[in-house]
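Number of protein chains: 2
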Amino acid sequence: MPSTFSRYLPILTWGRTYNKSAFTNDMIAALIVTIMLIPQSLAYALLAGLPPEAGLYASIAPIILYAIFGTSRALAVGPVAVVSLMTAAALGNIVDQGTAGYAIAALSLALLSGLMLLGMGIFRLGFIANFLSHPVIAGFITASGVIIAASQLKHILGINAEGHNLLQLVISLFEHLGEINWITAIIGVIATSFLFWVRKGLKPLLLKNGVSKTMADVATKAGPVAVVVLTTLAVWLFNLADYGVKIVGDVPQSLPPLTMPSLSPELLKQLLLPAFLISIIGFVESISVAQTLAAKKRQRIDPDQELIGLGAANLGAAFTGGFPVTGGFSRSVVNFDAGAETPAAGAFTAIGLAIAALALTPLIFFLPKATLAATIIVAVLSLVDFSILKRSWGYSKADFAAVLATILLTLAMGVEAGVSAGVGLSILLHLYKSSKPHIAEVGLVPGTEHFRNILRHSVETKPEIVTLRVDESLYFANARFLEDKIYNRVTADKAIKHVILQCTAINAIDLSALESLEAINTRLGEMDVKLHLSEVKGPVMDRLKRAHFLDELTGRVFLTQFDAVKANS
Amino acid sequence: MPSTFSRYLPILTWGRTYNKSAFTNDMIAALIVTIMLIPQSLAYALLAGLPPEAGLYASIAPIILYAIFGTSRALAVGPVAVVSLMTAAALGNIVDQGTAGYAIAALSLALLSGLMLLGMGIFRLGFIANFLSHPVIAGFITASGVIIAASQLKHILGINAEGHNLLQLVISLFEHLGEINWITAIIGVIATSFLFWVRKGLKPLLLKNGVSKTMADVATKAGPVAVVVLTTLAVWLFNLADYGVKIVGDVPQSLPPLTMPSLSPELLKQLLLPAFLISIIGFVESISVAQTLAAKKRQRIDPDQELIGLGAANLGAAFTGGFPVTGGFSRSVVNFDAGAETPAAGAFTAIGLAIAALALTPLIFFLPKATLAATIIVAVLSLVDFSILKRSWGYSKADFAAVLATILLTLAMGVEAGVSAGVGLSILLHLYKSSKPHIAEVGLVPGTEHFRNILRHSVETKPEIVTLRVDESLYFANARFLEDKIYNRVTADKAIKHVILQCTAINAIDLSALESLEAINTRLGEMDVKLHLSEVKGPVMDRLKRAHFLDELTGRVFLTQFDAVKANS
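These protein sequences, in sequence, are chains Y and V.
Position one of the first sequence corresponds to residue 1 (my numbering), numbered consecutively onward.
Position one of the second sequence corresponds to residue 1 (my numbering), numbered consecutively onward.
Pulled out of the complex, with its shape left as it was, chain Y reads as follows:
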């Protein structure tokens, strides 16, 4: 009984041994993460095209649900940059931003994503995420970072601009450049520069001046909060809103509301693909953070259970006024570094954010949107890393092609086209490589019973026998390649009477490959050439026996390649 429950409810495992020391550590971590999350949540809501409170709501119920169902001890779940961008891209094509329908469609997107993640977890389909190759993800994240930064420039400059890809955004920015609000632009540029300086220059400066490392760390992390406070004060004191500086304005003082996603079949159908892509990207991002942190304490992450945890979190977001969420990198690392020991830290963070949503929202009335945009830009530019291009170029041209296509298509056509193309190309290139397996013609090493590639070793061969060793399992994508190889060899050399396939490296033969072997056998038979097999593995042999192929084989099956050559000499 307990084992079944514990599988689906990891909270039963760590909850049983929860003690005061863990509680203290979790509380401290929660406090630090809460302070960091308040501006971040508001900013990502803005990025997703939603009212700021949606960012807070999306960080409350989801965190608690993940704490119950997730397996990572340190993962912090909530809105993250890339998923927020994908949300904006998905909804922007369907509903107008700022309408009630937009917020409700965001709930539907979270609902679909939650159901998909939950389904993949229950049916153990997490392997689907494996089809995103690492270089494709790296390229996608980099290109998304560029688009996100570009999309925030309008807030920094106080102008209107729309677009879901770089080209649209740049054109739109230039078109509206005349409408620039200079006070907004000054706030935006100062806030951005300050945050960059906090990130790069503050800590070394403090350390140089004798401040302790811990204090320097805290000061660095407090940077965004300081910018929020200072710019809000500035707007309030100087009535800058009257000069056209866009502010956050009224945010309801409330706990997360109970909400109902739209179940319109038309809408759900349009959101199906985006929800799938968001689920996969979110899962991949989350699991790699979780595994990195778990490894540091030799803890275990269960990918299928992670899907369930993230699925529950997204369902939570769908019914409490949020939008799609996942495990975020920066917040999780902060949580871990601050000493979080169990998912209870997440629950305490949720309580902190709930208090903020209930009590602190009037304080951010005058918070300029430019400040939130600055927070986003500084956060996402750390995601941008074009070195993956150089890295993949040096390692493998196929990987490079996939990365380049992903980056270019994401920039030019948006996130959905980019990630779809990346996945498609990765799979195609992989199939292409494995569709042309290495096939060596082998001969006998004199004085031994070993056979080696005739091109690389000085070996003995006989004119009437050709032996081919296939260095890969045979399946539909490479079956025809083997056929061609054999026909080319046999039609070019009329002396050949025996073809031996040395099957040492063949782990499996699918039905297509079996039919190719049958065709090879029949056609060689018509040319008066016999087909033999040697060194067939046990499981492959079992399968061949089921299919009557061996009854029709013109030649024989030999235990060793040496026997095969000896018998036909």
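The list treats identical chains as interchangeable, and a pair is accepted whether it falls inside one copy or across any two copies.
In the BS3-like style, the derived pairs of lysine-lysine whose C-alpha atoms are separated by at most 30 Å in a straight line are:
#  : residue 1 : residue 2
1  : Lys485    : Lys296
2  : Lys296    : Lys213
3  : Lys221    : Lys297
4  : Lys246    : Lys221
5  : Lys462    : Lys297
6  : Lys545    : Lys436
7  : Lys537    : Lys397
8  : Lys462    : Lys494
9  : Lys537    : Lys462
10 : Lys20     : Lys296
11 : Lys246    : Lys200
12 : Lys497    : Lys545
13 : Lys537    : Lys436
14 : Lys390    : Lys537
15 : Lys296    : Lys494
16 : Lys485    : Lys397
17 : Lys297    : Lys530
18 : Lys537    : Lys485
19 : Lys497    : Lys462
20 : Lys397    : Lys436
21 : Lys433    : Lys397
None of these hints come from the bench; they were simulated from the model.
Keeping the supplied structure of chain Y fixed, place chain V upon it in accordance with the hints.
Only chain V this time, still in chain Y's reference frame:
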């Protein structure tokens, strides 16, 4: 010089040695094929939703172009059943049948298909066709045969019925069943029964009555022509057209006209996917026929040059009033059996058909459409073979799933959905299988230097060392699986200090897998566990060296697994 030309112009090879004996044989074959092709061409045009003359035109220029560019000595190119059905399905969604736009769209489809085939040939992309697994093709052809037969029932019964999948067709047939034309139905049923009898019962009967085998063969092949002549005479003599029997009617007396496909971007965009599917299916059908026939004479087929030949044939069809064509099974076999020695037989067939188009079309004015439908039904039912279901079930459940999905989706949703789903599912199942590679934990066979699976052999292991042997190349789809496997093993057993990866079976490591190895190395390092590699293949080692992975490796690379264990004991 000649070799470059000969590569792209196979005619230069066989044309140089063409002699009188080959000429005689080619002429005889051409005569037989021409007689067979006249009713068949008309029938397939009907199936594609086009006027009957389009079938003749599609058999003239394409045959000649294939004779120049193709590599098969016996392949006969022209309209075939499945491609004609796919043409009707592709166009039916876009243009109304019977309009001028429909025929022009058919030209555009042939143009696109021709350009795609040509492009694939020039860039040597024929491997794309390999992604159609044999069982998927078999399922698809079977389901298409059923749909084609069902689609012809309306002509047999003299009613109207529309639909591109079985469900639509059956419903539509039932709705119009009241409109049945009894005279048409009698002609249709008699013609169909007669053709079935010719195919199954005539030859044994003739042989039993002392007729020579050759004469019996000729009589069997003349069956369709006899039905055409008899039913045409019946309609003419008894004025059956006045009683509602639908006839072929006026067919222009003309050589193939010069035609221009529509280049409307809107239309071409809609035809892109269908043209691609038609190209791939057509190529696969054609190449397997060509290879079967070539093997019988130990001749060679060049798949990339075949693409060029078929591409040229389709371009020919596009500009001479045809529609998409490919190498047909039955006509090619007849051509081969009749003794065709070179592609010149095809050219002579084209001349025969041109004479028919120019002189014989008035003779088929009274030919009932029901007769053509009967010809189609009898021809395609030989394609229907559900035994692939049993065969794949017995061999591999994954292959069975792909076949079943292809058949059901083709029947329920039409040819495009069916073949797309089949390909998608084949690839997914293959990736799924290779995403969970066989990973064995191995130990030392006592008294030897060999290592074997600890689950199957009695071997020696050490508590602080775990050795894993991966029986597949590492790439993005299985990289995470290896990560999970290693983390699970190491977090469950705190005694482990060394993880050795035995790389005997790893032929390649892509960038994703490399990054997984780096992550494994780093995370194991954080757990104070060292990662070692043993028996790394040369090419894999070269690549790893380029990527600095070996510099960061916490453990070492050993030439043999035995060394690795000895060094860490």
